[in-house]
Amino acid sequence: MGSWSAIATAVTAAFLASMVEAVEAFTIVLAAATLRGWRPAALGTTAGLGLLAGIVLLLGPLLDRVPIHLLQLTIGILLLLFGMGWLRKAALRAAGVIPLHDEEAIFSAEAAELDEQACRRQKSLHWVAGITALKAVLLEGLEVVFIVIAVGAGRGLLIPASLGALAACAAVLAVGAVVHRPLSRVPENMLKFGVGIMLSAFGVFWTGEGLGVAWPGQDLALLLFAALFLGAGLISSVFARKLSVEFA
Amino acid sequence: MNTMLKDLVSELIGMFVAEKQLTLTVLALVALTGLLVDVAGLDELVGGAILLFGSLTLLVASVCRAARAGGS
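So the protein sequences, as listed, match chains A and B. Position in the first sequence (first residue = 1) + 94 = our numbering. Position in the second sequence (first residue = 1) + 744 = our numbering.
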């Protein structure tokens, strides 16, 4: 088990990242439910969660067989790519270079697409709604599974990271059940910025450990890395705003 | 089912390839760090610093490049 700083960072990263993914999945499941009622949407969601559980149960035991340095290096590189991708997109959105994620617009587009699909394929709306919910849960859930494994596996933190992810999904579900509309007030880009910072910090930390680097201060180095990625994200966002005006 | 599998694969690839050039340069940076530490015998901590500051530089460069290209 890692130190408190590693546990706190892993749980926070898993919680925030899962919240982003859960909000995105919820919007699509809600669109499916609005089209054809909650039954097919709930069935699709349950099937998606079942498939995800199967993937975790299948892959989980395999992780124990991978040598720790190889595991840290592989997960570190994947985290670095994933985290920097999120941070890049969040910085570009914050700079106004690309549009912000709009849950209301996604909800409307998804509902229209579902309607159109049902007409085009002449399939039952129940079937289309159920499959759409399943796909949304499976695709967004895969990212949650990766993040939980990535921030948890290298340091025996799988359980705290899983609890962080489950808490986020439960929170989104609870709020969604109450408000019954897309959760457009969640500051998605700020969350993505924060998660991108944490995942990139973890990525550098584990890639380095996988290459044999003994970071000074051990897990505390994560906080320094996060501060540096925060600075780089903010600076790049300022540069991007200026450049987009210059090159417009 | 085929469409779902295709979507699943493209989602998996998309998770790690936000932008091709960023992905390739990060992979090259990790490979270079590994070579410097393992083959050239560079001090691990210096290797770690190259990895850290290299990643930060690549991030800023990628965001600026996208801003110049109008967000692509």
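Mixed in with the good hints, there may be bad ones.
[As the list claims (entries may be wrong)] Derived Cβ-Cβ restraints for the label pairs, each shown as a range:
#1 B:Thr-747 / A:Gly-325: 40 to 48 Å
#2 A:Ala-147 / B:Thr-747: 16 to 24 Å
#3 A:Leu-153 / B:Thr-747: 33 to 41 Å
#4 B:Ala-813 / A:Pro-161: 57 to 65 Å
#5 A:Leu-318 / B:Leu-786: 51 to 59 Å
#6 A:Ile-253 / B:Leu-752: 41 to 49 Å
#7 B:Ala-805 / A:Leu-143: 33 to 41 Å
#8 A:Val-160 / B:Ala-775: 46 to 54 Å
#9 A:Leu-317 / B:Leu-786: 21 to 29 Å
[Claimed, not checked] Some chain B residues near chain A, calculated using beta-carbon distances under 8 Å:
#10 Gly-778
#11 Gly-785
#12 Leu-796
#13 Ala-810
[Stated by the list, open to error] Here chain B is said to cover these stretches of chain A; the calculated rule only asks that three of the stretch's residues, wherever they fall, bring their Cβ under 8 Å from a Cβ of chain B:
#14 124-135
#15 166-179
#16 261-274
#17 307-320
Rather than coming from a laboratory, the hints here were simulated on the basis of the structure. Quick reminder that beta carbons are idealized off the backbone N, C-alpha and C, glycines included.
Need the list of violated hint numbers for this structure, in ascending order. Hints 3, 4, 5, 6, 8, 11, 14, 16 not satisfied by this model.
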